[in-house]
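Participant: Listed below, chain by chain, are the residues.
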Amino acid sequence: MTGAQEQKIRQTLDDANLQLAIYTATGRLMSHRKAAVAEDVLPDFQELRTQANLLKRHAIENLDHYLEQFESQVVAHGGKVIYARDGAEASEFLIDLAKKKGARLMVKSKSMTTEEIDLNERLERQGIEPVETDLGEYIMQLAHERPYHIVAPALHLTRYDVADLFTRKLGVERETEIEKQTKIARAVLRQKFLAADIGISGANFLVADSGAVVIVTNEGNGRMATTLPRIHVAIAGIEKVIPRAQDLAVFLKILARSANGQHITVYTSFLAGPRREGEIDGPEEFYVVLLDNGRTRLLADREKRQSLYCIRCGACLNHCPVYRKVGGHSYPGVYGGPIGAIITPQYLGVTHDPWLPFASSLCGACAEVCPVKIEIPKLLLALRSEVVQAKLRDTQSRIERLSFRVWAWAMRRPRIYEMLGFMGSALLGGEGWIRRLPKLLSHGPLGAWLSQRDLPRLPARSFRQLWRARRKAGEN
Amino acid sequence: MPREYVLHRTRTALGRTIGQPPDPAPPVRLRIPEIDLEARIASLFAEIRNLAGKTHRAASPADARAYVAALVGERSAVASNAPFLRECGIADLPTVRSGIANAEELRALCADAEFGITSADYALADTGTLVLFSSQQEARMISLLPPVHIAVVQSGTILSGLDELLSREPLPAERSSSMVLITGPSRTADIEQILVRGVHGPGEIHVIVV
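Chains as they are written, first to last, in this note's numbering: chain A, 1 to 476; chain B, 1 to 210.
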């Protein structure tokens with residue numbers, strides 16, 4: 001854990017208002033979810049979870065096939081697919097596109113993937129203005145903060161914080177009524193939608209048999225961003241692909257329910273390619289950027305691979321006793337909570353994060369609510385053992401380095417070297433082999449090393465002694 | 001090439017080879033309950049009202065027209081080119097503009113209109129959802145830009161739910177570049193989790209079943 005992280009955690013724990021905000025918000029999301037998946041409301045919820053798990057496993061285990069199928073369907077519908085190894089490549093594509101098309105203003109629908117790759121900062125550096133249009137994300141953009149929660153980005157702010165922010169950044173009169181604040185944002189963002197050259201979205205699902213990008217939103221910003229600008233670019237992780245449009249019958253039933261208890265979000269857009277001949281509106285150009293950014297690294301790990309099933313509902317955050325105390329800004333990277341602890345190190349390219357897997361009580365609540373049945377506690381345990389192994393390896397190599405330093409030091413000092421040899425042969429000298437060390441030396445790394453190996457005993461007389469004896473004899 | 005790089009790494013990670021066919025996929029899971037029309041309408045209306053949408057059962061196309069006329073009054077509206085709206089006489093209401101095929105013209109109209117009037121290809125009873133395919137008859141903007149959306153639904157298109165929709169339309173992309181499901185008015189709860197309706201999309205929705 002870095003000092004800044006530790007400080008952030010302490011700050012969060014000490015801030016009573018913030019504690020209350022996190023506790024209330026996550027608590028409300030939990031109870032809404034519970035009502036929406038109750039036996040009498042959705043009797044086949046457990047069956048749907050099982051099916052969702054099977055479908056995701058199948059899609060991930062055959063990912064290359066479905067990526068290629070998705071790509072060929074997008075192309076068949078007049079769109080283009082771009083692969084990006086990392087955030088820089090994904091951003092470069094957008095920057096080049098903007099230059100080619102003379103685009104300066106981009107409207108964005110909510111996307112954790114673009115947060116993951118710091119897309120906004122990269123675009124801004126090139127003089128492009130990206131505007132977040134989800135209300136919570138817009139507030140976060142004005143505040144220069146990253147989202148506090150996967151589905152509730154501004155969870156930690158009050159209406160008074162928002163009032164201050166709007167006054168400061170938008171130059172409007174201070175307004176503390178939430179409904180009116182929403183109207184202010186609507187008016188500002190409506191103009192951006194109408195003026196934007198490019199609309200950027202994420203994707204909740206990529207449908208392989210259709211070449212379609214599926215986006216779910218409540219505010220309608222997803223529809224606006226993919227309808228009004230002349231160009232639509234969707235940016236999605238490669239793991240978002242599902243085999244068939246018909247599989248949405250499973251996923252759409254569990255996604256919103258698990259997130260905030262809605263049976264289905266207000267808007268679900270199923271978008272396949274640009275506007276077609278005869279259609280009146282919609283974008284003229286349609287691009288999908290398929291992002292790796294560490295995902296193939298996760299894919300190579302048989303056990304952790306299942307973390308790629310995640311559909312970003314946020315349920316594991318809401319149910320995590322640790323997240324509920326330390327909040328969303330205490331985690332490194334943009335994905336907080338239990339699932340974030342697993343995927344963040346891989347996406348950031350860090351092999352082992354020494355504290356993330358320990359930020360869990362292993363109570364199992366996350367696995368119980370995960371709609372795609374990711375075995376989160378099991379993966380956290382595996383990560384813990386990796387951390388411990390890595391520490392052990394680190395200690396061992398430190399001892400080894402130290403021994404060689406002592407050796408080198410002694411080698412440069414013949415007297416001392418000889419003395420050590422003398423002591424050695426007194427202690428371990430004789431005929432035959434050393435199979436075991438004396439009790440005193442048998443613990444620790446040397447003992448472990450010798451447990452698999454035998455050493456010849458040290459000769460009674462060293463080379464130097466023999467040499468000296470020989471020279472003496474020659475002189476005589 | 002990033003494409004080859006990503007695909008190669010994916011295959012290597014999975015131990016698969018180029019062109020290797022996929023394992024058999026889990027069978028499609030669609031459950032379609034038998035529900036009679038009256039029950040479907042009742043459920044559709046209950047769900048929409050639950051989300052603060054308004055509903056109206058029209059006995060005839062003329063009744064639907066009268067309802068829309070009363071709602072719109074003297075205010076501006078844009079209607080889609082759906083033949084059913086013309087049949088109902090809704091497209092000829094005095095303040096309603098219809099028959100627009102040009103995107104720019106439509107955009108300017110929708111940005112100012114108080115009402116957007118559309119048909120729906122389907123409605124889903126169990127969630128109170130409207131299903132709209134983008135086409136020559138239905139533009140995407142009409143159900144999106146104006147602050148009030150009025151949808152006129154033919155009772156025969158009301159399905160039990162998502163499963164029945166996807167069994168009727170297994171490949172929505174073959175039909176249109178855009179299929180949108182609309183469930184209630186646009187909403188947010190991003191500030192203090194207080195529900196506010198009408199963020200970017202319409203804050204008010206009326207569903208008329210004929």
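Just to be clear, a hint being listed does not mean it is correct.
DSS-like, lysine-lysine: derived pairs with alpha carbons at most 25 Å apart [what the hints assert, rightly or not]: (1) A:Lys169 / B:Lys54; (2) B:Lys54 / A:Lys180; (3) A:Lys378 / A:Lys391.
For each label pair, taking beta carbons as the anchor points, the in silico distance ranges come out as [claimed, not checked]: (4) B:Ala69 / A:Ala88: 49 to 59 Å; (5) B:Arg3 / A:Gly127: 22 to 32 Å; (6) B:Gly19 / A:Phe404: 47 to 57 Å; (7) B:Pro170 / A:Glu61: 54 to 64 Å; (8) A:Gly278 / B:Ala70: 48 to 58 Å; (9) A:Asp394 / B:Pro33: 37 to 47 Å.
Chain A stretches covered by chain B per the calculated footprint, using a threshold of three residues with CB under 8 Å from any CB of chain B [as the list claims (entries may be wrong)]: (10) 52-65; (11) 84-90; (12) 453-459.
Worth flagging that the hints you see were computed from the coordinates, not collected in a lab. This structure is a prediction, so every number in the text was calculated from the model and none was measured. Note that the Cβ used here is the ideal one computed from N, Cα and C, for glycine as well.
Participant: Would you mind marking each hint as holding or not holding in the structure?
Facilitator: Verification of the hints:
no., hint, in the structure
1, A:Lys169 / B:Lys54, "37 Å, violated"
2, B:Lys54 / A:Lys180, "23 Å, holds"
3, A:Lys378 / A:Lys391, "20 Å, holds"
4, B:Ala69 / A:Ala88: 49 to 59 Å, "57 Å, holds"
5, B:Arg3 / A:Gly127: 22 to 32 Å, "28 Å, holds"
6, B:Gly19 / A:Phe404: 47 to 57 Å, "51 Å, holds"
7, B:Pro170 / A:Glu61: 54 to 64 Å, "23 Å, violated"
8, A:Gly278 / B:Ala70: 48 to 58 Å, "34 Å, violated"
9, A:Asp394 / B:Pro33: 37 to 47 Å, "60 Å, violated"
10, 52-65, "holds (count 8)"
11, 84-90, "holds (count 3)"
12, 453-459, "violated (count 0)"
Taken one by one, the earlier hints fail for this structure at numbers 1, 7, 8, 9 and 12, listed in ascending order.
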